[in-house]
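Chain A is already provided as a structure; the job is to place chain B on it using the hints.
As you go down the protein sequences, you meet chains A and B in turn. Mapping to the working numbering: the first sequence position 38 is 38, numbers consecutive. So the mapping is simple: the working numbering equals the position in the second sequence, first residue as 1, plus 280.
Honestly, the hints are just simulated from the structure, not real lab data. Among these hints, one or two may not hold up.
Unchecked claim - Away from chain A, derived, C-beta distances all over 12 angstroms, residues of chain B:
id, residue
1, Phe289
2, Lys329
3, Glu333
Unchecked claim - DSSO-like, lysine-lysine: derived pairs with alpha carbons at most 30 angstroms apart:
id, chain 1, residue 1, chain 2, residue 2
4, B, Lys366, B, Lys390
5, B, Lys351, A, Lys108
6, B, Lys437, B, Lys351
7, B, Lys390, A, Lys176
Quick caveat, the model's predicted, so the values are computed rather than measured. Note that beta-carbon positions come from the ideal geometry of N, C-alpha and C, so glycine has one too.
The chain contents come next:
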Amino acid sequence: MRTIETREITRNIKEMCIEANHFLPEDMKCALQAGADTEESPLGRQILGQLQENLQIAAQEMIPICQDTGMAVIFFEIGQEVHFTGGLLEDAIQEGVRQGYREGFLRKSVVKDPICRENTGDNTPAVIHYAIVPGDKVQITVAPKGFGSENMSRVFMLKPADGIEGVKSAVLTAVKDAGPNACPPMVVGVGIGGTFEKCALMAKRALTRPLDQRSHIGYVRELEQELLQKINCLGIGPGGLGGSVTALAVNVETYPTHIAGLPVAVNICCHVNRHAVRIL
Amino acid sequence: MERHIQAPFDSKTAASLRAGDYVYLTGTIYTARDAAHKRMYENLQKGEKLPLEIEGNVLYYMGPSPARPGKPIGSAGPTTASRMDKYTPALLDLGLRAMIGKGRRSPEVKEALIRNGAVYFAAVGGAGALLSRAILSSEVIAYDDLGTEAIHKLQVKDFPVIVVMDCQGRNLYEMAVQSYSRE
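Excised from the complex, chain A in its bound form (with noise of 0.2 angstroms):
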């Protein structure tokens, strides 16, 4: 059994949330390269470059890259031989993100009741997703998510029938929808499979896959591929002002289903895919 204060859960939470809106992983900056090089719209280059030196400053003088700081989405993955002290663990992550954006100039977007809308002043509660796992480690996954793009994502309970092109017209057809409102280019993050609820959790999953990592199973990987070079076929483009470059990645993860369906959950994410991960 190994025992963690619960105080150190709230410094690494602020710290992550800070430095997730701030500076973006590795992996993004070198798709936003690679999609400046290929873009064919001289005005889609320009944007790209824009969101390139966007990106500099940002860590330079310490903007947040985008005013939605967004909603703070957190993956907690637990090791069963960890016992947390010092008080409730549910506590200590929301305490972190309350510090994290008071103390690091971050925008206060969430409301206490969706209908009656009043702002929480300080961005709690966060959504956390907890996982049980083997072993002695705690790995934490900070993943503050804007609404432009949030809110173009859509859920699709297929059926069986309707097969891999079921999917493939699913995705395509989420993200013509969401065109220039989802800020694009956009990371397509897809859950295909288990249930409702677990579908759209996979598609939210997804986008915290680094974008050089392909699916490990065949048939998917192919799917990863030909989804994103039909998307980038739509001509949508940076800023949805038309171009070769509207997506940089599509990742999707799979599960086990029901014999009688075919659920698919597509989470769009902006250019400005956040996450910061540690392992304690």
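Coordinates of chain B only, in the frame set by chain A:
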């Protein structure tokens, strides 16, 4: 075409703008996003006065992140415009000259742009740090209780935008996607 324009600007200038023009705005613009639009709309329905002059002005759909000490504003890029569509025709009919946002607009907004000779600009979404450099000052002038969603008066210098919808009904999103589509 590249244009340098002083904001606010007159209807003649608006009428001269074409979808696809790259425009640098210098002068005064105002922010308003979801909550401020809802409140302005309710003010209008009750016959109350709006907290700013709509006629001739430019609204920027933006809610900034907090400014660090010594800076006029935090990150300050555009938010999705379609959420304001419900409220927009009424503001355009009051003389709103232009809006800055990102993403598609409704057919009702398109009609109201044509009817009133107004334009819809896009700024680059997700480039809030870069765009903040074109903002010289920011002051909350109304709905202070809305926090980031309050109405801010901004002084901008060479703020970069692109005309997406002009007052003749042209739409850059539709035109540009057609030219690069290989479906």
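Status of each hint after checking the structure:
With a minimum CB-CB distance of about 22 angstroms to chain A, B:Phe289 clears the 12 angstroms threshold, and the non-interface call stands. Residue placement check: B:Lys329 keeps its beta carbon more than 12 angstroms from all beta carbons of chain A (closest about 24 angstroms). With a closest Cβ-Cβ approach of about 25 angstroms to chain A, B:Glu333 is found to remain outside the 12 angstroms limit, as its non-interface label requires. Between the alpha carbons of B:Lys366 and B:Lys390 the distance comes to roughly 12 angstroms, so the proposed pair stays at or under 30 angstroms and holds.
Taken as a hint, the B:Lys351 and A:Lys108 pair is honoured in the structure, with Cα atoms around 18 angstroms apart against an allowance of 30 angstroms. Taking the CA atoms of B:Lys437 and B:Lys351, the gap is about 15 angstroms. The hint holds against a cut of 30 angstroms. Restraint check: the Cα-Cα separation between B:Lys390 and A:Lys176 comes to about 20 angstroms, which is no more than 30 angstroms; the hinted pair holds.
Against the hints set out earlier in the document, no violation occurs for any number.
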